[in-house]
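A.B. asks: Construct the complete structure from the given sequences, taking the supplied hints into account.
The chain contents come next:
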Amino acid sequence: MPDHSSMEACSLREAAMAQLLLLQLPAVNASDAAALHSYAEAGLCLRLAPDQWLLLAETEPFAALPASGRAKLTDISHAWIRLRISGPKRWEMLSKCMALPHPLGPAPYAVRTLCVGVPVILLETSETEALYLLMPRSYSAWLTQWLADAAAEYAAPSLETAP
Amino acid sequence: MKQTHRAASGGRIDRSRLIRFRFNGRDYAGHPGDTLASALIANGVKLLARSFKYHRPRGIFAAGIDEPNALVRVGEGAAAEPNLRATQIPLHEGLAAQSQNCWPSVDWDIGALIGLAAPLFPAGFYYKTFMWPRSAWPLYEQIIRRAAGLGVAPTEADPDRYEHRHAETDILIVGGGVSGLAAALAAANSGLKVMLADDGECWGGQTLDETQLVDGLPLRRWIDDAVQRLAAMPQVTLLPRSTAYARYDHGEIGILQQCAPESNPISGRARQCRWLVHSRQVVLATGASERHIAFANNDLPGIMLASAAALYANRYAALPGRRAVLFTNNDSGYAAARLLENAGIAVVCIVDCRPDASPGLAAGLRCNTIRRGYAVVRALGRRALGRRALGSRALGNRAVSGCEIAKLGTETVERLDCDLLLTAGGWTPRVHLSSHLGERPVFDPAQSVFLPATAADLHCAGACAGEFDLNACLQSGFNAGKQAAASLGKTIAAQPPEGPAQQAAQPASAMLVAPAGKAHGPCFVDFQTDVTTADLGLAHRENFRSIEHVKRYTTLGMGTDQGRTGAPTGIAHIAALSGKTPGDIGVTTYRTPYAPVTLGALAGRHVGKASAPTRVTPLHEWHKAAGAVFMLAGQWQRAQIFPRPGESDEQAVNREARNVREAVGITDVSTLGKFELRGRDVPELLERLYVNGWRNLAAGRSRYGVMLRLDGMVLDDGTTSRLSDDTYFMTTTTGNAERIYAHMRRCLQLEWPGLDATVTPVTEQWGAFAIAGPKARALLEVLQPDFATGNADFPYMSVREGKLSGIPVRAFRISFAGELGYEIYAPAGMATALWTKALEVGASLGVMPYGTEAMMVLRIEKGFFVPGFEADGRTTLDDLGLGRMLSSKKACIGQAALNREALQAADRLHLVGIVATDPTQPLPRGAQLATPSSHESQGHITSMAYSPILGHWIGLGLLRAGRGRHGEILTAMAPAIGQQTDIRIVDPVFFDPEGSRSHA
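These protein sequences, in sequence, are chains A and B. Note that the numbering used here has the first sequence beginning at 29, numbered continuously upward. Note that the numbering used here has the second sequence beginning at 6, numbered continuously upward.
Accuracy of the hints is not assured; some may be wrong.
For each label pair, taking beta carbons as the anchor points, the in silico distance ranges come out as [what the hints assert, rightly or not]:
| # | chain 1 | residue 1 | chain 2 | residue 2 | range |
| --- | --- | --- | --- | --- | --- |
| 1 | B | G365 | A | H130 | 22 to 32 Å |
| 2 | A | H130 | B | L442 | 21 to 31 Å |
| 3 | A | T153 | B | G15 | 50 to 60 Å |
Stretch by stretch, here's where chain A covers chain B in the computed footprint (C-beta under 8 Å, at least three residues) [as the list claims (entries may be wrong)]:
| # | region |
| --- | --- |
| 4 | 10-17 |
| 5 | 708-718 |
These are computed hints drawn from the structure, not numbers from a lab. From a predicted model like this one, the values you see are computed outputs, not experimental measurements. Cβ coordinates follow ideal geometry from the N, Cα and C atoms, glycine included.
C.D. replies: In structure tokens:
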């Protein structure tokens, strides 16, 4: 068994992922480069951890991808619920539950953070006046209700579960 | 009621509208723009409150946040809020307020009789008096606690809504006076993000002389213009009615904003909002508080700070009196006198304790009686009752009617009549926020003030920085904003605003306590806690030297106003008694919050069901519709039982558990931790994590495993199945899912980065349910599997991937109930459909759902341990009877620690089964196990349940050397619930010890 350091192991996995997806993967330090990259015009690739990425697509373009070296793909499409938050007051509403500067960065951009104690991914795409909140399925009922209550004082933003 | 003390003109109030409000049950009227304090002054109300300790009559003393006396209760019932400063409550229609700390009324307060015994209650009274007899302290404590405190909080739930907001900015400016506005204009000119917060209703701060010119404009117009310019800038956020109450590490400032006079839960609008602002640079322009000069009887209603009286008269056209005597030790008293005269109050005399005060200071004043080198030594008051009336002395005076002044160094007094007695003792910069991170204020002997310590990300401006004239405030504000921007690499092109040139101020006198002479009467230093000069003198005589000790002994500065008005006078008095300067004495530690923050604002919307996140399984809605009773397991809402109409909880549990043993049951296990492990080195990873061997696990097979902590104690258990050559599926217990994930990630990233293995959490991806019972295979078959289900094709501890009723699944032949059983994992979005289908097609087999209670019964019958119950963090593998699982052919985490002598001792607590000697008796929950003779605890019951299949209560427990004590009779004692039962120790496996049913 090779005796890799932790960083070497991450690099190996990153190289394998890049080879698999044919793209330059998001940098570890999100402040140096956008945390989100388009993937083959079919979806988005988001770095979750030094050796973990989340691939997002409307369809299932990843299913056919073969494993490549240390790069492994696991389907977690049922694990996340995507909430679309739109309207001019969307950031004001979100400031009630998360401490984030806005805009996050040049779109598309994403951050992992806590929203009222729930681990979420906030995603800003090129879509104007809207952003997406990815939340674990088991928390989604509670968190959606919390957010709806937070939005009660505004005519906007609107909350809708995105496909 | 007519507004008898409202000036005919002036003030920034809207006289075209009347606002009706109630105070102490009486109706009054005010105008938009008023505060409760200004409206009461305009209505001639002088007596608002009773003091904390002696219940002395008190009126409004200061303005805004500095007010120590006028604390009132606003609202009724659940919405009532105590201890609000009348000086900070915006007047609104329907406002209802009342005095507090008095009974039956503020006019006739029986508590004032305590004033008769005031000499018996000096500083430290509690410490000296309640020391004996020692045994009586609990009684004393009850009485003292009942007497302590000011207002009474409502006991009902608060109906108002409170919000939290997070914000991020480049520069936060605290204080919207002229310094803060100048700082904001400079900072905003750089293009950086700027926030400006002010605790007042309107911008402009404490500056009242609005005739002065700034940049060629009258001051008020310059202020309005500045606010308009800032409001128009997209990078600027203005926060009015917002008090910055705390400064935390990393540039975080806590701000409490009053959102609206009346909360409106229906519209979703909050009453208060607590902001947490992260700012890269902070400018403090918090202004200064005026000090008072103490003299005998100085707490009578009608005695005020000069600046406060000038503010009420000019900003609100509310006249606190008609004839004022003004006692000053510095030039600002003359400016206040000028403002008072302009508003229509006659200043009958200015008493300046400086013998050499320049006559030029009085230029332009109508008052021509200036007593230089004099001091007010005593205030005189109108009594509430005639001198002969019972208790009149205790009930005290309702208002000031005059004062006695004396030339310094003499004892001859001169009497002056007045209905308003004002003191101007100089200014104390509000440095609190600058000290919240531990920095100490720095004493400036030239001005005799404590100035704020600055930091790389903290700038101070205006009166807060010791600048007390308008132009200096404007300049320092501009410079602070410029420096803050420069710290962030920005330069600005704007020029500082130009204010009027000011004459150099004459030196102020250090006098903050007038010489007593022959005057008698209490001389109050801290009004909110009733601390007098006599109290401080006593503390000094008793050798309290540190100001921190003096504070705690006398309660100086311990009120909700944090001694804003009282502490400087107290420090000056201690300094005088010690022969030192205030700089030598220092200040007490300023801690958060600077101003009171309501519990509602601290909680925000994190109350009730919104207080903490809860998780639900993909099957939750079905459970709800089926009438399940839920329980919280960590954050998870789990179906506990599915009671039928007319059925008790116990009956439901028994029915569900019996049905599993006799037919087939189905239960939601979606909460189990689930992980997908990929890579060629996964077997090696499992070998290191689990106690047993994994190299020979074939594809399609499952295995049970136990993990240990580094110290050898049992961490968790679960199964791992090999789905294909390099793909594994691991389950953990519900409660340990996050912990095991972190454990594995840490191992892979730090301990063994060379392993080709990845771990992906898939708990949320899969909905899961267990099928258990003799008819479980039949149920699986009616779900139309596309894989073989026979015992040979799908044996115990194996896994199949395929479809059930067309839905993709991973099916595991595993049982936690000790029956023929399967765990079915379907994509979360499809799980309910499959669950519903199973109940539908399995109806003829007698399938019924069972909850966690029945699951608990079934696992106790089988003697299966659960982390948190039997494995309680002090339990080894051998303690649980699983020692033989430990493989000697390889090493795993925690294995080395098992060699420690203590972990191999013969008298360790072992897992045992427990039954009552009288089978009809339930086992006491949480009972200790003891021999009948000694009553010494030798173990305890960890789990217990009624077994419907066995017909009696059973339990599991941990007992010292328990494995060798089967058959022994012990006593189970639970004194907390008053239960005691004789029990017999038995084998922990109560049902099907051979395991034949699982392998069926």
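A.B. asks: Hint numbers the structure violates, sorted upward?
C.D. replies: Hints 1, 4 and 5 are the ones this structure does not satisfy, whereas the remaining hints hold.
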